[in-house]
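Visitor: Sequences are here, hints too, so could you generate the full structure?
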Amino acid sequence: MIEITHLAKKFAVENPKKLSEQERKDPRLQGKYFHSVKNVSLTCKSGEVLGLLGPNGAGKTTTLRMLSTALKPDSGDIKIAGKSVVKTPLIARRSIGFLSGATGLYGRLTGRENIAYFGQLHGMSASAIKQRISALSSLLELDTFLDRKCDNYSTGMKQKTAIARAVVHSPELVVLDEPTTGLDIMAAQTVLAFIEGLKQQGIPVIFSTHHLDEVAQLCDRVSVIHHGQTEFDDTLTRFKALAPGSLHQAFMAVIATGDA
Amino acid sequence: MWMVFIKEMKEVVRDRKTMFFMILLPLLIFPLIIGAVAYFSTKAAQDAQSKTLTYAIVNAEAAPQIDAALAKADGFKRLSLPANTSIDSWVKSDGADFVLAVPPDYDADPLQAGNNNLELYYNGAGFNAIEARLNTLIDPIAKANQRAAFDKLEITPAQQSAIMAPIVIKDINVADERENIGEVLGGLVAYVIFILCLQGAMIPAADLGAGEKERGTLETLLISPIDRHKIVLGKFLTIATAGVTTALISVLSMAVWGILVGQSMAIEVVTNFMGAIGLIDFLLIFLMLIPVVAIFAAVLLSLSIYAKTFKEAQSYMGPLVMVIIVPIVMATLPGIELKGIWAWVPLTNVALAMKELIKGTMDYYQLIGIFGSTAVIGGGLLVFCVHWFNKEKVLFR
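Note that the protein sequences, when read in sequence, are chains F and R.
Take the first sequence: its position 257, counting from 1, is numbered 257 in the working numbering, and each next residue is one higher.
Take the second sequence: its position 7, counting from 1, is numbered 7 in the working numbering, and each next residue is one higher.
Hints were generated in silico from the structure; no laboratory data involved.
Do not take every clue at face value.
[Stated by the list, open to error] Estimated spans, in silico, between C-beta atoms of each pair:
hint, chain 1, residue 1, chain 2, residue 2, range
1, F, Gly123, R, Phe286, 34 to 42 angstroms
2, F, Ser75, R, Trp2, 45 to 53 angstroms
3, F, Gln22, R, Ile29, 17 to 25 angstroms
4, R, Met19, F, Glu14, 36 to 44 angstroms
5, R, Tyr365, F, Val86, 47 to 55 angstroms
6, R, Ser315, F, Glu3, 42 to 50 angstroms
7, R, Leu287, F, Glu14, 37 to 45 angstroms
8, R, His387, F, Glu3, 30 to 38 angstroms
9, F, Gly82, R, Leu287, 47 to 55 angstroms
10, F, Gly123, R, His387, 19 to 27 angstroms
11, F, Asp143, R, Met19, 29 to 37 angstroms
12, R, Met19, F, Thr235, 52 to 60 angstroms
13, F, Asp259, R, Ile6, 46 to 54 angstroms
Quick reminder that beta carbons are idealized off the backbone N, C-alpha and C, glycines included.
Guide: Written out as structure tokens, the structure is:
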């Protein structure tokens with residue numbers, strides 16, 4: 001069970017002149033600070049998949065970065081199975097598998113070496129790493145390229161390897177930031193099937209996306225963030241009920257409520 | 001920490017660009033550059049010596065000895081000075097390589113003529129050996145004339161020698177050969193080693209900090225359950241290892257090439273000099289690399305973590321090459337020795353110590369100052385790196 005309550009994060013704006021027109025008009029810009037996330041709360045139980053939606057720049061990535069402990073929230077709390085991520089980030093890191101949107105691989109290492117390195121950092125033994133890579137390799141279809149240097153990988157190969165790396169330590173919670181962006185249909189399907197597999201194992205998954213069909217296919221819960229605030233956090237059924245027949249309309253309805 | 005180190009080293013070794021700067025450049029390029037410079041300068045000197053020089057003599061009949069010597073000597077070709085032409089412009093317009101003007105009152109007997117002032121016109125722009133080659137012909141004539149004059153005055157060769165040099169000061173330099181060469185070579189060695197250490201460490205440093213940011217691997221590394229200081233130390237050790245390796249390879253390459261050149265050209269000084277430096281001093285010179293790379297690696301890592309991209313990191317690091325010249329120049333200034341406060345001035349103390357070690361006059365107690373100041377500065381910079389590795393502002397710039 002993951003519980004995020006009243007999360008907030010602001011960033012100092014060093015040079016206001018560099019901000020775009022859109023950023024200057026954003027209500028979150030207050031004085032010298034840009035309040036990227038103002039009030040985000042969401043919950044996700046074991047075996048549930050939560051789709052995090054929101055327009056570009058809404059605060060999704062900042063929220064996920066706080067969840068992954070890369071950023072420290074200014075206020076609010078994140079609890080995984082009752083333990084605070086904010087207070088004990090090092091322990092929390094062991095239980096989270098995080099794939100950031102701008103993730104990369106070490107190009108001069110092979111896919112196997114990339115995954116194994118993070119296994120080692122998580123304190124796994126050599127034999128455990130070997131077994132886990134073998135299992136992930138068949139799940140994510142990595143066999144054909146795993147021993148090649150990552151420099152030569154296609155986008156799909158990179159993303160699949162990055163996902164394997166993120167979950168090498170069998171985390172209690174998996175967080176994926178736009179995992180299917182830029183992938184071809186085949187690669188995207190493998191990723192979605194992998195998320196489905198996690199769900200069946202009872203591992204909660206939080207993933208941000210712009211593809212509502214993925215939400216319809218996988219998610220139990222939906223959370224919509226707009227201007228750094230949670231505008232919707234409930235089940236997919238309730239979300240669908242906002243505008244019967246179209247998830248797009250439901251999403252637009254939530255955004256419109258936030259703007260009102 | 002070691003996991004990070006091993007993985008980073010694996011990446012460094014697989015990077016062709018880094019390997020080129022670390023190994024190939026010092027191993028082959030330096031000897032090639034030095035060899036090419038030596039070859040072309042020797043060739044230029046040989047050409048100047050063997051080239052046939054064209055000349056003219058004004059008033060040749062006044063000095064028949066000189067005229068005859070020039071006519072007899074190999075590699076000289078006499079021309080006649082065209083009428084109504086100034087000597088200056090003729091030589092300038094490459095009419096001849098030189099013109100020797102003999103004064104009309106020239107007399108072979110110095111007792112009669114006093115100083116015979118001959119004028120040599122030549123174009124001194126560019127490398128030439130005119131004066132040296134001419135002197136080898138004229139000196140014996142001058143000596144013979146001098147001897148004849150002393151004979152006329154009934155002065156024996158012994159008396160002549162005493163008159164020519166009534167007071168002789170004989171140099172007895174107690175510094176041995178090693179100390180003499182060491183003074184000159186010591187500064188140079190420090191300079192080369194410093195630059196190479198920096199050069200070797202620079203590319204991996206830019207890759208390990210800014211490169212990770214640019215590729216998007218840093219965020220994943222930061223959320224793995226490893227303490228930030230271990231990441232910093234692992235990266236620091238990798239950069240330091242790259243720097244030391246480059247410097248070691250360069251020093252070894254220089255030593256090997258030095259011995260080869262020394263033996264092939266039978267330069268006894270070089271062979272003796274290399275032989276005079278004991279094993280312990282050699283080891284200490286290598287040991288001196290530790291404080292150097294510790295400071296360089298820490299500075300480079302700080303810059304690299306701050307930079308957003310590989311390119312930005314390199315542009316911060318470039319000026320460092322200029323900056324490190326300052327402490328090296330300080331070490332070569334007169335009056336600055338490895339004692340007192342100077343033993344605590346970073347990098348300058350290492351440059352001074354390298355000089356002392358090569359000279360063989362090292363005061364080993366000064367090592368305390370050297371390693372003490374390095375530990376403080378290197379340690380401080382590492383703490384700073386760890387601090388920066390914890391700063392969201394720097395990491396997500």
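Visitor: Okay, glycine 123 of chain F versus histidine 387 of chain R on CB: inside 19 to 27 angstroms?
Guide: holds (25 angstroms)
Visitor: Per the hint of 42 to 50 angstroms, is the separation of the Cβ atoms of serine 315 of chain R and glutamate 3 of chain F within bounds?
Guide: For glutamate 3 of chain F against serine 315 of chain R, whose Cβ atoms are near 45 angstroms apart, the range 42 to 50 angstroms holds.
Visitor: I want to verify a distance hint. Is the separation of the beta carbons of glycine 82 of chain F and leucine 287 of chain R within 47 to 55 angstroms?
Guide: Between glycine 82 of chain F and leucine 287 of chain R, where Cβ atoms are some 54 angstroms apart, the hint holds.
Visitor: Has the hinted range 37 to 45 angstroms been met by the Cβ atoms of leucine 287 of chain R and glutamate 14 of chain F?
Guide: holds (44 angstroms)
Visitor: Taking the CB of aspartate 143 of chain F and the CB of methionine 19 of chain R, does the distance hold inside 29 to 37 angstroms?
Guide: holds (31 angstroms)
Visitor: Quick one: are methionine 19 of chain R and threonine 235 of chain F within 52 to 60 angstroms, going by C-beta?
Guide: holds (56 angstroms)
Visitor: Do aspartate 259 of chain F and isoleucine 6 of chain R keep their Cβ atoms within the hinted range of 46 to 54 angstroms?
Guide: For aspartate 259 of chain F and isoleucine 6 of chain R the Cβ distance comes to about 53 angstroms; the hint holds.
Visitor: That 45 to 53 angstroms hint for serine 75 of chain F and tryptophan 2 of chain R (C-beta), does it hold up?
Guide: violated (38 angstroms)
Visitor: Do the beta carbons of glutamine 22 of chain F and isoleucine 29 of chain R sit within 17 to 25 angstroms of each other?
Guide: For isoleucine 29 of chain R against glutamine 22 of chain F, whose Cβ atoms are near 52 angstroms apart, the range 17 to 25 angstroms is violated.
Visitor: Please check whether tyrosine 365 of chain R and valine 86 of chain F have a Cβ separation lying inside 47 to 55 angstroms.
Guide: Given a distance of about 52 angstroms, which is inside 47 to 55 angstroms, the answer is holds.
Visitor: Do glycine 123 of chain F and phenylalanine 286 of chain R keep their Cβ atoms within the hinted range of 34 to 42 angstroms?
Guide: holds (36 angstroms)
Visitor: Between methionine 19 of chain R and glutamate 14 of chain F, does the beta-carbon spacing fit 36 to 44 angstroms?
Guide: The hint (36 to 44 angstroms, Cβ to Cβ) holds, given that methionine 19 of chain R and glutamate 14 of chain F are roughly 38 angstroms apart.
Hints 2 and 3 from the earlier list are contradicted by this structure; the remaining hints agree with it.
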